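If you read the sequences in order, they're chains A and B.
Quick note: the first sequence uses UniProt numbering, first residue 1, plus one each step.
Quick note: the second sequence uses UniProt numbering, first residue 1, plus one each step.
Honestly, I wouldn't trust all of these hints.
Copies of one chain are not kept apart here, so a pair can be met inside one copy or by any two copies together.
[Unchecked claim] Straight-line distance between alpha carbons at most 25 angstroms, and here's what the computed DSS-like set of lysine-lysine pairs gives:
1. 391 x 586
2. 474 x 540
3. 385 x 401
4. 389 x 651
5. 540 x 204
6. 132 x 517
7. 719 x 518
8. 185 x 396
9. 176 x 204
10. 64 x 586
Don't read these hints as lab results, they were simulated from the structure.
Treat the numbers as computed from the prediction; the structure is a model and nothing was measured.
2 protein chains.
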Amino acid sequence: MKQYLTIDEWSIIEESFDPQTQEISESVFSLGNGFMGGRANFEEQYSGSSLQGSYMAGVYYPDKTRVGWWKNGYPEYFAKVLNSTNWIGINIDIEGIPLDLAKCTVSDFRRVLNMKEGTLSRCFTATLEDGKEVKVESIRFVSMTRQEIGAIRYSIIPVNFSGKITITPYLDGDVKNKDSNYDEKFWNEVEKQAGTEGGHLTLKTKKLDFHVTSAMAFDILVNGEKVNADAEAIEQEKYVASKMNVSVQSGDQIVVYKYVANVTSRNHGLGQLVDAAQTALQAAKEAGFVTLLTEQIEAWREKWKESDIIIEGDVSAQQAIRFNIFQLNQTYNGEDDRLNIGPKGFTGEKYGGSTYWDTEAYCVPFYLSTADSSIARNLLIYRYKHLEKAKENARKLGFAKGALYPMVTMNGEECHNEWEITFEEIHRNGAIAYAIYNYVNYTGDKAYLGQYGLEVLVEISRFWEERVHYANRKDKYVMLGVTGPNEYENNVNNNWYTNRMASWTMEYTLEALDYLKKNESTRYAELVDKLGLQESETAKWNDIIAKIYYPADEELGIFLQQDGFLDKEIIQVKDLAAENLPLNQKWSWDRILRSCFIKQADVLQGLYFLGDRYDLDTKKRNFDFYEPITVHESSLSPCIHSILASELGYKDKAYEMYLRTSRLDLDNYNNDTEDGLHSTSMAGTWMSIVHGFGGLRVHDGRLTLSPSNPGHWTAYSFKIMFRGSRLKVSVSDAQVTVTNETDIPASITIYDKEYTVNGLSSITADSNSITV
Amino acid sequence: MKQYLTIDEWSIIEESFDPQTQEISESVFSLGNGFMGGRANFEEQYSGSSLQGSYMAGVYYPDKTRVGWWKNGYPEYFAKVLNSTNWIGINIDIEGIPLDLAKCTVSDFRRVLNMKEGTLSRCFTATLEDGKEVKVESIRFVSMTRQEIGAIRYSIIPVNFSGKITITPYLDGDVKNKDSNYDEKFWNEVEKQAGTEGGHLTLKTKKLDFHVTSAMAFDILVNGEKVNADAEAIEQEKYVASKMNVSVQSGDQIVVYKYVANVTSRNHGLGQLVDAAQTALQAAKEAGFVTLLTEQIEAWREKWKESDIIIEGDVSAQQAIRFNIFQLNQTYNGEDDRLNIGPKGFTGEKYGGSTYWDTEAYCVPFYLSTADSSIARNLLIYRYKHLEKAKENARKLGFAKGALYPMVTMNGEECHNEWEITFEEIHRNGAIAYAIYNYVNYTGDKAYLGQYGLEVLVEISRFWEERVHYANRKDKYVMLGVTGPNEYENNVNNNWYTNRMASWTMEYTLEALDYLKKNESTRYAELVDKLGLQESETAKWNDIIAKIYYPADEELGIFLQQDGFLDKEIIQVKDLAAENLPLNQKWSWDRILRSCFIKQADVLQGLYFLGDRYDLDTKKRNFDFYEPITVHESSLSPCIHSILASELGYKDKAYEMYLRTSRLDLDNYNNDTEDGLHSTSMAGTWMSIVHGFGGLRVHDGRLTLSPSNPGHWTAYSFKIMFRGSRLKVSVSDAQVTVTNETDIPASITIYDKEYTVNGLSSITADSNSITV
């Protein structure tokens, strides 16, 4: 953990150049717009350590799986987020010597991620080995309004010499995934053309036939005057460039504007790709850099209006929460229901695949509260569209009916192949059911059940029905051989969380059936018919709900993570010598598995999801037992603990956990930020504030808040959208103010007291009424 | 399962050529001599499906491991049995057309593995596409007396034409392992020389620097007259050959004698390899083919004298048991204590590594009874030499003391990397301790304890001590997160077998300490000092022995395979529809793990090992519960069940299980013989007869027999060596005769009655006294 970034309310700032932290910065300063994005690589050549990465959403590669010993049911491939054409490149040569920060003396370096406006800028002075000095300033962005467009302004001033500067904007498709299992390159060239004022390049993936066309155009100005003329077109394997020599005097300013359109066969016909790219590109170039930038600033202003959180009295916390919100908005915009939220967004390749249970458990609540409800709905429909594949997956594992959603996927097929995860970490099915409940409960959109939700619920309930079995000796239904959210145990019997979410799914499915029967009888009949739903099935679900086994310990008054948990040696993390941590780097897998130490919330995850069904005492006993043995080595862990700690009035613990989640990447807490950001866990940070400190819950259609101040801030505020209204909740030590920024009135409960907040007005509640 | 081999008492015979079964035959007809060996590939070129395989014992390659997700403690490499120079090759061209059985019409084909004499022979008539007909006869062997020598006699008669036949004996080192993880070749060329009368080739492995030199010499005779003269020397990358054109008349007989010496840097200095090869080669060539063959026949006569089993009235069973004994003797001869018994011997590459717990659990009993005790002792010393590596392995997994032997190894280091096996299948440690007990008990060589045995026992006991922990709630020591012998469950708690073998190890270690203290007090003191053994440790072992947890079910009166076993749905194999079997091909891994079905003996393995501690009723209750839910999908399973069934008087079950183990490869029972033979399980077949039907046990230094006739044989006999004497035990329905073939008298108990068999004489016991 090394803190080298400057604290600022709205920006991430790096004040000097250090090759040691370059790959971390490449992750942190990443740009994206939900459609494409990439790491903060330099425009000019760079020979130091770097992970060059440009990614197009939904363009992936089914890389051949690598496992030691094959077992029946394993997926054939592992879907990789595909590194695609590097479109930001502008090589600079000074009198034949490449400008390369790994080989210069660099001064006055400053890199800024302007989160308010959505731009990445950089300036530096470089002194080459021969003493020539240049001053460079660059700014680039990935357009939020024109999803296929990226734009760069790159300025060079020769400080102490006159001579020839060679400028080569290029598109380079000869790229490789760092995590390619067999060192293979995944792209073939389809066609290309380099010209004097730009060029284009079309590649296709070796499998699945994804096509991506990148087209670039540029203008070069010297002291404001255009000088494109004498460019040399260069074509190489999967590469196009235009090379220009510019003669300059000391003090002249050369400015390169590079515009790029990246289009894919996901959105255009194969024959139309070059046209589509050229059309988008020409429109962008005609609009010009300043107009594009203005659009960008305006688009981000709108995003922030919906989702900003303001923290007063703690700039570090302020920066952190904005960074999390900014990255989430860069990663996913909800406009394309074929897309989802990859664990690293557009910031790296690790983990592969695009969709984990992170989406349902962590991201859906964020998008529900900070964007139009259609966004969260699209995330749900994504799973609905994968229902047939999830049914196939269950068949593949030998289940006669039901659906098992994959642990990791791109297209609905499973693409992860550790048996203890793929085959056993089946609680993901519960989170997918829970997201439907969460969406309907939050939005009130019960029509969703008849349209899409019920089918998913029934097929998941059917899976649970077959996955449990009746154990004579216990006179209970048991579920053997599962891995819970805590991946530091696996192949355990009766994981409380999984059993609980399984029976909860059946309960909610029955409730949804009941609702439809009473309120949408025609649709109900259609669905019963389509699903072939039998009375014997619902009867069985009721029997399972009544008789499922929940491991618990009466003496401690806690639920047991799994059958044998108390046979383990229980040691608290505080009693472990520091050199043992993090366990996943210091201990063998064997030792981790046998220990009591927990990677992320497990029983507590269930108490958070089903919080309205358990009283504070129960939550407290379980929290007091489990949190002290939890090492939080998943980025998804601290947020849930922060939320529960807030609810239990454990202010210090809540704040400690909040810090751990909020600055995870900015402070490189887990020593792995260079691989990319922990995008999905950023939603957890948001939850720590809004569900945790803010105490947001929705019960029976009513929004409830129980705000507390973590005690380190003067005040804080967050925005939430709820059933058409947008509310700004401001919390200080003295009071809670809720301002309705829309003209739709909102009903709200604050500390158990009911309020109506009329359109464009505020109400204030006394924060002393806080109960814990 | 396809039976295409002819039943014969002493030979394996294939009567016609079928490309479909070629790879199975290549495995079944393999040759070896404990030092080198290879598959029954053809001498001449063959373009059909084939697994070309030549192997040198102890020459391996640390191939880069392939796993999906790395975990701490995983080994860096997976040791591959290394496919090395193909030295059997003799290409034949008929007027420029290669003789290739995949492209000819083949008649009168016959391939014979003569187990009595240790030779592989083949004859056939081939009609080429152009109608030319040749009659070929070949015979080859790997010398049992000159371990580095192989010899081939290859005869060709042109039947219906006169013309030119080109003969090219060669050495080809440009070979690849079929199971290479990254399609890599593992050899580099060091030097080579091709000449007109032979040549040599030295290769070294890309890692570890193993050198292997192969040298060949040959004679070519036409109608008995030598014609080597005009050979053309050919050198290519990792390849030497000598090519000769021979002009022949229809009916002439061309005979090629090819002699090869293969020497390795394991036995010779790097600078001496070529000399060593040439010396051995010239001696062999001078001795000549007939002398070498005579030596071979004599050597095998000696082997059979020690280890033959005769079955009367069942030629199929007779062939099968000889095949098993033959292959075991080909695989390992016990002369080199750096070697061990690979699961596929010299017959294939699958599984990699050379040493599994198979050695201690299955092979040691075979070698103890059929060879000089120094052979089994060498197998034990092999582990003693790996003790430091086993201690390192335990440290790597986080244990403060003790030794954990690897699951799979070549040099003492772990080279298997499924966590549920490598980290959890720790019962192997128990088998290694048990082999010491078994050896000392069988041979009476108690001096072994002070020399080697005790150190291994103490370090294994220390491992168990740390691996269990005291569980307050149970007031017992428990062992969590293990995989028992039944690999169809893993990461279970309190596997009865593992807990039992752990406490047994501690008991035996204490007994050995006590013996040494009383009988070898100086050595005892030395060892206590060397090991740093504390009284607190032995006290702890006593406490664990007293308080270890043995899962059991009182109602059923059985030991439980693991804590949660009875929560599983118990279904018998007979109630499974046939299409479900074999489970490992038909079911997902998930379904297998959650089922009750057992791959191989687990609780029953313990009841076999510790058979003198449990009464027949206990064995019966456990057998009656576990055998019906066992699918025997490990080649190591049927033999243990056959032995226990014999003991329990379940004659039909014993015979059923015997058949399943004895003809496993000959009848390709598991559809995988083409990968190589199940060499280690062949020792289990031997045990089924000698320990099963013969009822051999050793209690308190006395050899005990309780022979029964499985009911399908007229009579049977087996040989056992015991404390210097060699006894032939002949069993018929009426009586048991024990003949002492040595002049050392033997004490023996038959059906609870004591006998002394004087040197070179016999005793007879009435087999009606059989009790079950």
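We went through each hint and held it up to the structure:
1. 391 x 586: between (40 angstroms within a copy, 19 angstroms between copies)
2. 474 x 540: Classified as within; 18 angstroms inside a copy, 35 angstroms across copies.
3. 385 x 401: Within one copy only: 18 angstroms inside a chain, 54 angstroms across chains, cut-off 25 angstroms.
4. 389 x 651: Intra 44 angstroms, inter 50 angstroms, cutoff 25 angstroms: neither.
5. 540 x 204: neither (50 angstroms within a copy, 66 angstroms between copies)
6. 132 x 517: Classified as neither: same-chain Cα gap 79 angstroms, cross-chain 83 angstroms, threshold 25 angstroms.
7. 719 x 518: For residue 719 and residue 518, neither the intra-copy (36 angstroms) nor the inter-copy (82 angstroms) Cα distance is at most 25 angstroms.
8. 185 x 396: neither (30 angstroms within a copy, 36 angstroms between copies)
9. 176 x 204: Intra 13 angstroms, inter 33 angstroms, cutoff 25 angstroms: intra-copy only.
10. 64 x 586: between (30 angstroms within a copy, 23 angstroms between copies)
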